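A.B. asks: Sequence:
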Amino acid sequence: MSGSALCAAEHKPSTILHETTAAKLHEKSMLLAKLNDVQRENHILKRAVQIQNAKLNEKSAAEAELGQMSAVMAQYREQIRTLELSNYSLTMHLQQATAGGTLEGSGRPPDVY
0 MSGSALCAAE
10 HKPSTILHET
20 TAAKLHEKSM
30 LLAKLNDVQR
40 ENHILKRAVQ
50 IQNAKLNEKS
60 AAEAELGQMS
70 AVMAQYREQI
80 RTLELSNYSL
90 TMHLQQATAG
100 GTLEGSGRPP
110 DVY
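For the sequence shown, the residue numbers in numbering that gives the first Met the number 0 are 0 to 112.
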């Protein structure tokens with residue numbers, strides 16, 4: 000072998016090693032960039048899940064409150080119905096009392112045998 004061929008042959012393994020090392024470094028930097036992207040996306044997704052859970056909890060609380068309000072509304076409706084009935088009954092009694100106390104409303108005493 001000539002001197003230049005020998006020098007090229009000696010240089011070839013170091014060139015291959017250098018190229019391989021450079022390729023590995025490039026691959027490593029690409030993987031690190033990908034890892035950073037995945038970690039950022041993971042953080043975003045975790046935050047999105049937290050927000051969704053908070054909204055779900057708020058909705059559940061609002062539905063529970065609505066259920067309670069509906070029950071209270073039903074009680075108040077029943078109370079209004081009872082009061083209206085009582086008011087009607089008192090109005091009838093008042094009319095009878097002011098009409099002379101007769102049940103028939105004719106103004107004369109009832110026939111008794």
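Bear in mind the hints are in silico, worked out from the structure with no lab data behind them.
Quick caveat, the model's predicted, so the values are computed rather than measured.
Built from N, CA and C at the ideal position, the CB exists for glycine as well.
It cannot be assumed that every hint is accurate.
Now the in silico label distances, taken between C-beta atoms and shown as ranges [unchecked claim]: (1) Leu-34 <-> Ser-59: 33 to 41 Å; (2) Lys-58 <-> Ala-96: 38 to 46 Å; (3) Gln-94 <-> Lys-58: 50 to 58 Å; (4) Lys-23 <-> Ala-60: 48 to 56 Å; (5) Ser-28 <-> Ala-63: 47 to 55 Å; (6) Thr-81 <-> Val-111: 34 to 42 Å; (7) Glu-57 <-> Ala-96: 50 to 58 Å; (8) Lys-58 <-> Ala-21: 29 to 37 Å.
A.B. asks: Next, verify each hint and record whether it holds.
C.D. replies: Evaluated hints:
About 37 Å separates the C-beta atoms of Leu-34 and Ser-59, a value consistent with the hinted range of 33 to 41 Å. The hinted range of 38 to 46 Å is not satisfied by Lys-58 and Ala-96, whose Cβ atoms lie roughly 56 Å apart. Range check, Gln-94 to Lys-58: Cβ separation about 53 Å, and the 50 to 58 Å hint holds. At roughly 55 Å, the beta-carbon separation of Lys-23 and Ala-60 lies within the given 48 to 56 Å, and the hint holds.
About 53 Å separates the C-beta atoms of Ser-28 and Ala-63, a value consistent with the hinted range of 47 to 55 Å. Distance hint for Thr-81 and Val-111: a CB-CB separation of about 36 Å, consistent with the stated range 34 to 42 Å. For the pair Glu-57 and Ala-96, the supplied restraint of 50 to 58 Å holds, since their beta-carbon distance comes to about 57 Å. Lys-58 and Ala-21 have their C-beta atoms about 55 Å apart, which leaves the hinted 29 to 37 Å range violated.
In summary, the numbered hints that this structure violates are 2 and 8.
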